[in-house]
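K.L.:
On the provided structure of chain L, position chain G as indicated by the hints.
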Amino acid sequence: MSDVLGNPGIPTNASDSLAVLEKSRSTAETFGIPLAVLLEITHRCPLQCPYCSNPVELDRSGKELTTEEWKKVLSELAEIGVLQVHFSGGEPTARKDLVELVKHASDVGLYTNLITSAVLLTRERLSALADAGLCHVQISFQGVEEGLADRVAGYKNGHRKKLEVAKWTRELDLPLTVNAVMHRQNLHQLPDIIQMSIDLDADRLEVANVQYYGWALKNRAALMPTVAQLDECTRIVEEARERLKGTLAIDYVVPDYYALRPKKCMGGWGRQFFNISPAGKVLPCHAAESITGLDFESVRSNHSIAWIWQNSDAFNRYRGTGWMKEPCKSCEFREIDFGGCRCQAFALTGDAANTDPACALSPLHETIFKQAEREAEGETSRFLYRNFAGGTLESGNDA
Amino acid sequence: MAGPRNISVSEASRPVLPRHAKLKYDETRKVWVILAPERVLAPDEIAVEVLQLCNGERNVGDVADQLAAKYAAPREAILADVIVMLQDLADKGFLTEAREKTS
Numbered sequence: 001m002s003d004v005l006g007n008p009g010i011p012t013n014a015s016d017s018l019a020v021l022e023k024s025r026s027t028a029e030t031f032g033i034p035l036a037v038l039l040e041i042t043h044r045c046p047l048q049c050p051y052c053s054n055p056v057e058l059d060r061s062g063k064e065l066t067t068e069e070w071k072k073v074l075s076e077l078a079e080i081g082v083l084q085v086h087f088s089g090g091e092p093t094a095r096k097d098l099v100e101l102v103k104h105a106s107d108v109g110l111y112t113n114l115i116t117s118a119v120l121l122t123r124e125r126l127s128a129l130a131d132a133g134l135c136h137v138q139i140s141f142q143g144v145e146e147g148l149a150d151r152v153a154g155y156k157n158g159h160r161k162k163l164e165v166a167k168w169t170r171e172l173d174l175p176l177t178v179n180a181v182m183h184r185q186n187l188h189q190l191p192d193i194i195q196m197s198i199d200l201d202a203d204r205l206e207v208a209n210v211q212y213y214g215w216a217l218k219n220r221a222a223l224m225p226t227v228a229q230l231d232e233c234t235r236i237v238e239e240a241r242e243r244l245k246g247t248l249a250i251d252y253v254v255p256d257y258y259a260l261r262p263k264k265c266m267g268g269w270g271r272q273f274f275n276i277s278p279a280g281k282v283l284p285c286h287a288a289e290s291i292t293g294l295d296f297e298s299v300r301s302n303h304s305i306a307w308i309w310q311n312s313d314a315f316n317r318y319r320g321t322g323w324m325k326e327p328c329k330s331c332e333f334r335e336i337d338f339g340g341c342r343c344q345a346f347a348l349t350g351d352a353a354n355t356d357p358a359c360a361l362s363p364l365h366e367t368i369f370k371q372a373e374r375e376a377e378g379e380t381s382r383f384l385y386r387n388f389a390g391g392t393l394e395s396g397n398d399a
Numbered sequence: 001m002a003g004p005r006n007i008s009v010s011e012a013s014r015p016v017l018p019r020h021a022k023l024k025y026d027e028t029r030k031v032w033v034i035l036a037p038e039r040v041l042a043p044d045e046i047a048v049e050v051l052q053l054c055n056g057e058r059n060v061g062d063v064a065d066q067l068a069a070k071y072a073a074p075r076e077a078i079l080a081d082v083i084v085m086l087q088d089l090a091d092k093g094f095l096t097e098a099r100e101k102t103s
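Chains as they are written, first to last, in our numbering: chain L, 1 to 399; chain G, 1 to 103.
So that you can see chain G by itself, here it is in the shape it has in the complex:
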């Protein structure tokens, strides 16, 4: 079955774009897009970078660690921003969580 709905994004979540939301670079318009049923979203640069890191393996805390190191910025502020952005995407129905491994 499909991944869960109504997810609540936290530091421990391991979010990933669901099958029906595709992140893609639009060569014609020179802009990143998220393709979804009947919608095209235009994520900003930071959102794109976060989503590229969200592979269902890393948790949100790992993503914040990487961005904090890359931009030499305070981790707590980045973590808060990342959670807000991902929760917004989740509320729109375009984010799911990786299924628990059965091992």
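Isolated chain L (complex conformation):
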């Protein structure tokens, strides 16, 4: 088995007794079974965040895998060597069988993380999840005060509910991560979001700048931060990390539009990560279905998940470096960033095999950067809310 699955990337540095277990890292062609898998168990969600990472074409509830199908998936993941699963969505608590799924994941030895908006949780249900073996809770926040936070989420009284659930989480002795999605309209609240995380007794804070695919790309003009805002954000994060060492860990994601090098998206296509969609498609990333012309295998097919990961066309199409064109092909960074993000390359250039325009070496970089800068300075602040109907424009005036 270990030969087939490749090099798991075990650290060799003997001097560090607690090295981080790296995902496969050596050469471009190795890809072990991922350590962690994202399970988008439903696309249903009461919130309507305009930067939702779900595809614009959402899976309807009738297409969702059944409880038994998800349990089979969980058993199979544990068997092939996956160690952690993230229950995500949509809103994972919208599934009535969540406690049963978490229990099953724990029974087969998986470390379980719940990525939730929290607004549907009761204290009883959270307690049942804890009893089922849930290891960690991540709650998304849209701001620090109701006015803005509820407007971004398109959900009344959501912020108040999130604060309440965060409190229960800690009372139940579950570790808490605050996930704060940042953009032009809420970046000024970052210092208060850091303080809110401390007050909530969170262990971790993710300061995640919006990534501009799918819904967020449709809302880019309303969300894109200015360069000055982003510089200030970085300064605040760095200062807080130093001040809060040992109290609050802060993860930081910047929007790649303002970078010179693209991000190593997903650690490279099909190298360290896959996710499973509500309908059971095994995907190289949560936005992969936005690339037309790729067929994604389903867990409902006759193939095992390990087979799909290793052999399916969709995973092999952009795996490694063989698919690259110039300027990636001869680039010295090709195994560092793998040409950036395939979904972004497709969305902005029409060809997923092109260099991600976030890279300064892309011929389109300059154009797109300038356009983003213009949008960031612009007046548009109205959202297109995410929903199954293809989006609804926020009412009221542009202000």
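Since the hints were made in silico from the structure, they are not lab data.
Please note that the accuracy of each hint is not assured.
To be verified - In silico DSBU-like pairs for lysine-lysine, Cα to Cα no more than 30 Å straight-line:
(1) Lys30/G with Lys264/L
(2) Lys264/L with Lys218/L
(3) Lys70/G with Lys92/G
(4) Lys264/L with Lys92/G
(5) Lys22/G with Lys264/L
(6) Lys103/L with Lys92/G
(7) Lys263/L with Lys218/L
(8) Lys92/G with Lys245/L
(9) Lys24/G with Lys72/L
(10) Lys92/G with Lys263/L
(11) Lys218/L with Lys161/L
(12) Lys167/L with Lys22/G
(13) Lys24/G with Lys103/L
(14) Lys264/L with Lys325/L
(15) Lys24/G with Lys71/L
(16) Lys103/L with Lys30/G
(17) Lys245/L with Lys24/G
(18) Lys71/L with Lys30/G
(19) Lys22/G with Lys71/L
(20) Lys30/G with Lys70/G
(21) Lys72/L with Lys30/G
(22) Lys24/G with Lys70/G
(23) Lys96/L with Lys22/G
P.N.:
Same frame as chain L, now just chain G:
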């Protein structure tokens, strides 16, 4: 409420892995791992042995006693190494102390 943060490991501490950090043998990769939120740590053999002894009942001194006897090694050197390793884990947020008994 949860166990304390920012703990300072000493001979008298009774450390234990918190609920969100799980020590487990990974059968696929043939390696011990500590599973934590968004992280997988790979403890070395000695760290694994120490952590298996840290059950919230034994204090760090007891752990050093056991290892010194098992390996016929000087206790003071082992104690110092154990404290450094555990403090490193504590600083990363993956170690807590057993709550005081209320009796």
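K.L.:
Does Lys264/L sit within 30 Å of Lys30/G, going by the straight-line distance between their CA atoms?
P.N.:
The hint holds at about 28 Å.
K.L.:
Is it true that the CA of Lys264/L sits at most 30 Å from the CA of Lys218/L?
P.N.:
Within the cut-off at roughly 23 Å; holds.
K.L.:
Please verify whether Lys30/G and Lys70/G have alpha carbons no more than 30 Å apart.
P.N.:
Distance of about 24 Å is within 30 Å: holds.
K.L.:
So if I understand the rule, the pair passes when the alpha-carbon distance is 30 Å or less; does Lys263/L with Lys218/L pass?
P.N.:
At roughly 21 Å apart (the allowed maximum being 30 Å), Lys218/L and Lys263/L satisfy the hint.
K.L.:
Mind checking the alpha carbons of Lys71/L and Lys30/G for me, to see if they're no more than 30 Å apart?
P.N.:
holds, 25 Å
K.L.:
For the pair we were handed, Lys103/L and Lys92/G, check the Cα-Cα distance against 30 Å.
P.N.:
Roughly 28 Å between the alpha carbons, so the hint for Lys103/L and Lys92/G holds.
K.L.:
Do the alpha carbons of Lys24/G and Lys71/L lie within 30 Å of each other, as the hint requires?
P.N.:
holds, 21 Å
K.L.:
Check the hint pairing Lys218/L with Lys161/L against an upper bound of 30 Å on the C-alpha distance.
P.N.:
holds, 28 Å
K.L.:
Sort out whether Lys264/L lies within 30 Å of Lys22/G, counting only the CA atoms.
P.N.:
Given that 30 Å is the threshold and the Cα spacing comes to 28 Å, the pair holds.
K.L.:
Keeping to a limit of 30 Å between CA atoms, is the pair of Lys264/L and Lys325/L held or broken?
P.N.:
Roughly 17 Å separates the two Cα atoms, so the pair holds.
K.L.:
Quickly compare the C-alpha distance for Lys264/L and Lys92/G to 30 Å and report which way the hint goes.
P.N.:
Distance of about 25 Å is within 30 Å: holds.
K.L.:
Does Lys24/G pair with Lys72/L here, judged by a C-alpha cut-off of 30 Å?
P.N.:
holds, 22 Å
Of the numbered hints listed earlier, not one is contradicted by the structure.
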